[in-house]
Amino acid sequence: MPYLYDVNSKESIRDFARMLEDSCVAEALEKNAMYGGMPTGESSLVPSKEYSGKGGFGQYLEEVYFGKRNDSYSRADFEAAGLELKTTPLKKLGNGEVRAKERIVLGIMDFMTIVNESFENSHFVSKNLDILLVFYFHDSLKEYCNLDIPLVDIWNCIKEDGYQIRKDWEYIVNKVKEGRAHEISEGDTLYLGACTKGATRETSQREQPFSPLLAHARAFCYKVQYVNHIYQVLLDRKQNRTVSYVHIINSPETELEQIVQNKFSPYIGMNVLMICQLLKIPFKPKVKNFYAMITKRILGAEETQQIYEFQAADIQIKTIRIEPNGKCKESMSFKQIRYEEIVDQEWEDSDFYMELTSKFFFIIFKHDHPDDPYVLDRVIFWNMPEKDLEVVKRVWLDAHNKISTGDYKHFIQSSDNQIAHVRPHAKDSSDVMRTPQGTFEKKKSFWLNRNYIMDILLNA
DNA sequence: GCATGATCATGC
DNA sequence: GCATGATCATGC
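Just so you know, the working numbering puts 166 at position 171 of the first sequence, and the rest follows in order with no gaps.
The set of hints was computed from the structure by calculation and includes no laboratory data. Please read all numbers here as calculations on a predicted model, not as lab measurements. It cannot be assumed that every hint is accurate.
[Claimed, not checked] Only pairs whose alpha carbons sit at most 20 Å apart, straight line, appear in this in silico EDC-like list of lysine to aspartate or glutamate: (1) K86 with D143; (2) K437 with D346; (3) K87 with D346; (4) K397 with E336.
Build out the structure end to end from the sequences listed, making use of the hints.
So this is what it looks like as structure tokens:
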């Protein structure tokens, strides 16, 4: 069969794939026909079998657009060229901004053999060096051939972010080496994550080499935050935009956490007013990005610059205030619950899970007297341990089930001591949101209990 | 106008 | 003193 691309050339495959950009499969095939025919000589948009579910669009694309049959999944998609095809869905937010809808799953981990691999010679690197990304707008009402494809490009994570990808890989593998595969969490790492694999917890338990405990089967993935970053970087390149970044990690030896601690250390013990004076930023603690701005400046970025790692991993900067009694005052709020969306979501694809498996950067202030200004006590990086995620999963499932059945009155409360709770988060009590039942209910959010936040600080 | 980080007000 | 519901303030 004549291909319209050279199966041995990444560039050729990419260029062929790029005819999908700002277009859709149906349109691109028409364009291709004008240039000399279909990739396989076929002219049908109808695949040999019906594809559906996760990965369905990818399989459809391989057959209908690239003229390949999906007979094997373990081989690289374009084996001869060393290129892996990944279709990745996007969604539009209410304000029109575009976000990745999901993580990109990169292949399952074998706990038993991975402990003998080095990063350079790893299965991960050999399989995922170059990935051909086809970003499309998720739309369950459209046929695959009509899905909008705004961006197509190759991502080489080693070239772009090699130092941190390597650290992430080694962090995950080290947990297996320490006999702690069952404690791996997607929140452990910045870009490369370890997401769970398998339908249920019960059927997805695997043995690990250095512990008798079974661990949840896991796959490497690009975390959803990193997928957002990839999309943004590739889009900026396509549109010839340049963004000014300050990189914290610039050699294999640099540790994000260490550098950040060093940069913050001169400011520990100072009150916020003094810090603002030194950094020459106005003291406006009510401004929404006030603490993000302080962080940026302390880490050496100008107002118009971004800290690369914070943006690429979407590290959540949160301030915590400790009162004279040693306790923190408030619970920590998260995004409001979209009642109509949550009922269709699985826990591990939910907004709350994505937020909780981000890395957190806590800026902790305290004061010894209610009238004293807050003093910077310390900063810590944190991510939620796997066992706590399991608890929050129950809170989420409870909310998920209650929303599905139309019960908006009996969510898990702070006093239930389940790490997280649900409570109102709105402009006022008339600020409501549509539900799957077609009614309107007060806007609510998930919150992390303030007791839990205090426990984190005590143990950190 | 809306989302969200922050904080208040009430009542047990 | 704390949980819970409610609301404010600001940026985009």
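These are the hints, each one checked on the structure:
Distance hint between K86 and D143 is fulfilled; the C-alpha atoms sit about 11 Å from each other, no more than 20 Å. Between K437 and D346 the alpha-carbon distance is near 19 Å, which keeps this suggested pair within the 20 Å criterion. With a CA separation close to 14 Å, the supplied pair K87 and D346 stays within the 20 Å bound. The suggested pairing of K397 with E336 holds, with an alpha-carbon distance near 14 Å, which does not exceed 20 Å.
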